[in-house]
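Put chain Y on the given structure of chain F with help from the hints.
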Amino acid sequence: MLDALATIQDPDLGRDVVALGMIKELAIDEAGRVSFTFELTTPACPVRDRFKSQAHDAVAGLPGVTAVDVRMTANVRPAFMRPKPSEILPGVKQTIAVASGKGGVGKSTVAVNLAAALRKAGADVGLLDADIYGPSVPAMTNSRTVPEQVNGHLLPIDAHGLKVMSFGQIYPGGEPTIYRGPMVGKAIEAMMIQVDWGRLDYLVIDLPPGTGDASLTLAQAVPLTGVAIVCTPQDVATDIAVKALQMFRKLNVTPLGLIENMSWYVCPDCGHRHDIFGHGGAEAAANRLGVPFLGAVPLEEGIREDADSGTPIVISRPESAGAKAFVEIASQVAARTSIQSFRQLPVINVR
Amino acid sequence: MEIVWESGHRSAYSGERLRWACPCAECRGEAGAPGRLSRVTALPDDELRIQDVTLIGQYALQIGFESGHATGLYTFRYLRSLCDCDECRGLKAPA
Numbered sequence: 001m002l003d004a005l006a007t008i009q010d011p012d013l014g015r016d017v018v019a020l021g022m023i024k025e026l027a028i029d030e031a032g033r034v035s036f037t038f039e040l041t042t043p044a045c046p047v048r049d050r051f052k053s054q055a056h057d058a059v060a061g062l063p064g065v066t067a068v069d070v071r072m073t074a075n076v077r078p079a080f081m082r083p084k085p086s087e088i089l090p091g092v093k094q095t096i097a098v099a100s101g102k103g104g105v106g107k108s109t110v111a112v113n114l115a116a117a118l119r120k121a122g123a124d125v126g127l128l129d130a131d132i133y134g135p136s137v138p139a140m141t142n143s144r145t146v147p148e149q150v151n152g153h154l155l156p157i158d159a160h161g162l163k164v165m166s167f168g169q170i171y172p173g174g175e176p177t178i179y180r181g182p183m184v185g186k187a188i189e190a191m192m193i194q195v196d197w198g199r200l201d202y203l204v205i206d207l208p209p210g211t212g213d214a215s216l217t218l219a220q221a222v223p224l225t226g227v228a229i230v231c232t233p234q235d236v237a238t239d240i241a242v243k244a245l246q247m248f249r250k251l252n253v254t255p256l257g258l259i260e261n262m263s264w265y266v267c268p269d270c271g272h273r274h275d276i277f278g279h280g281g282a283e284a285a286a287n288r289l290g291v292p293f294l295g296a297v298p299l300e301e302g303i304r305e306d307a308d309s310g311t312p313i314v315i316s317r318p319e320s321a322g323a324k325a326f327v328e329i330a331s332q333v334a335a336r337t338s339i340q341s342f343r344q345l346p347v348i349n350v351r
Numbered sequence: 001m002e003i004v005w006e007s008g009h010r011s012a013y014s015g016e017r018l019r020w021a022c023p024c025a026e027c028r029g030e031a032g033a034p035g036r037l038s039r040v041t042a043l044p045d046d047e048l049r050i051q052d053v054t055l056i057g058q059y060a061l062q063i064g065f066e067s068g069h070a071t072g073l074y075t076f077r078y079l080r081s082l083c084d085c086d087e088c089r090g091l092k093a094p095a
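Protein sequence lines correspond, in order, to chains F and Y. Read in order, the letters of the first sequence are residues 1 to 351 in this note's numbering. Read in order, the letters of the second sequence are residues 1 to 95 in this note's numbering.
Isolated chain F (complex conformation):
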């Protein structure tokens, strides 16, 4: 039975699903009825349906088997095979940073929809807005509530099933945050250490533009699972995105891949597709750098409208092209983070 199932290969992890420990609770009764649980490494698995039918067919073809019952579940595994959880975010299995280098390319929109899509797939997801100067997550998720404090810890705001924390909630209103660099680092650290994140499969971190204090603090404070880089198709955006990606490479943070936002526009009047900022710049850059291309998101009025009204488009208009693009990107990101669960980081012993 296991031999038959071991013919199924995980395309991302490059090993068979039995060796990866994905087959659980295998049972067979006298009548030849077989049942087992297929435990995926993420509920947002891009090959979920293919795995289910492959598993069913592999077992159903065996002599003596009369019926097959495959239960599909998912259990996100922590990033990296390490002896103890990270001290700074102990309950968080995977930390995914969303960065761009350049501002205004839609990092926050992507981060919010990525988090919402992972949540929709069934994962426990947090969203940390690490943009101290220009926090936009509270508006985009309609979570402009001041967080409560319990036992010295702030409780993240629940919005659309996500646990959301942003400086824009701690200091609401129109007053600017006027901070020098070191204060930014302290503020980001506080939002990790002094916030009761609880148990999360994924913590999505929306980074501010730039390759300075905020990104550095984050890469030094927590072992990030990886970073997804957002850019628009035009050269000035991809050029800076490449800089951001190279910065994370220097810090040994795995690039999960590039996302092209504002990739095309379909005119609602004439139905014509316009490539306002060009098209395919991010994919070309990803190929050049040897990192995955995670997908393209169209420029849609709906994405902007729903961001402004506080509901991510993957929730408000799941049938729109934009929402479908975000859901596809979320599965690609989830698949890339799963690979990191099987990585063994260097082990350090001091005597």
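Derived from the structure by calculation, the hints contain no laboratory data. As the structure is a computational prediction, the values presented were derived from the model and not from experiment. A hint or two may mislead.
[As the list claims (entries may be wrong)] As a list, the in silico SDA-like pairs of lysine to any residue whose alpha-carbon atoms are at most 25 Å apart: (1) F/K250 with Y/E26; (2) F/K186 with Y/G35; (3) F/K243 with Y/G57; (4) F/K250 with Y/Q62; (5) F/K243 with Y/T75; (6) F/K186 with Y/L73.
[Said to hold, decoys possible] Restraint-style ranges between C-beta atoms, simulated for each label pair: (7) Y/V40 with F/A19: 26 to 36 Å; (8) Y/A33 with F/R48: 54 to 64 Å; (9) Y/R36 with F/K24: 52 to 62 Å; (10) Y/G8 with F/R288: 26 to 36 Å; (11) Y/S38 with F/V350: 21 to 31 Å.
[To be verified] Going by beta-carbon spacing under 10 Å, a handful of chain Y positions derived as facing chain F: (12) I3; (13) V4; (14) V40; (15) Q58; (16) I63; (17) A70; (18) T71; (19) R80; (20) L82; (21) D84; (22) C85; (23) R89.
Even glycine gets a Cβ: it sits at the ideal position worked out from N, Cα and C.
Below, chain Y alone, put in the same frame as chain F:
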């Protein structure tokens, strides 16, 4: 201190070797000014004994010595290049 790398390779370092390899600005010098390690020929014992090691993100180790000196962030890339086992020495300087 011993590191087992992702590849399975093992590297061992003495506190003395790591102290003399400290990459911090004070030890190495900065902006054209020579650092402390180029000015001294010996260091007291407590400068050479490791007190603690802190992981910085996933790219470096901060190594603290008993003297309190702890400003050096040793990137994994740098530490890997410092390995002087027979195999790695052979790769660096073929005999």
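Closer than 10 Å between Cβ atoms is the bar; does Y/C85 clear it against chain F? Give me holds or violated.
Interface hint status for Y/C85: violated (15 Å vs cutoff 10 Å).
For the hint 26 to 36 Å, verify it against the beta carbon of Y/V40 and that of F/A19.
Given about 54 Å between the Cβ atoms, the range is violated.
Interface hint for Y/V40, Cβ within 10 Å of any Cβ on chain F
25 Å, violated
Are Y/Q58 and chain F close enough, Cβ to Cβ, to be under 10 Å, as the hint says?
4 Å, holds
Check the hint pairing F/K243 with Y/G57 against an upper bound of 25 Å on the C-alpha distance.
Between F/K243 and Y/G57 the Cα gap is close to 19 Å, so the pair holds against 25 Å.
Next pair to validate is F/K186 with Y/G35; report whether the Cα-Cα distance is within 25 Å.
30 Å, violated
Would the hint on Y/R80 be counted as holding, given a Cβ-Cβ threshold of 10 Å to chain F?
9 Å, holds
Per-residue hint verdict: Y/V4, partner chain F, C-beta under 10 Å:
4 Å, holds
Okay, Y/S38 versus F/V350 on CB: inside 21 to 31 Å?
This hint holds: roughly 27 Å between Cβ atoms.
Just to be careful, I want the Cα atoms of F/K243 and Y/T75 compared with a cutoff of 25 Å; is the pair within it?
Satisfied, since the Cα-Cα distance of roughly 20 Å is no more than 25 Å.
Using the nearest Cβ pair, does Y/T71 come within less than 10 Å of chain F?
Violated, about 14 Å.
For the hint on Y/I3, does the least C-beta distance to chain F fall short of 10 Å?
This interface hint holds because 5 Å falls under the 10 Å limit.
The earlier numbered hints that this structure contradicts are 2, 7, 14, 17, 18, 20, 21, 22 and 23.
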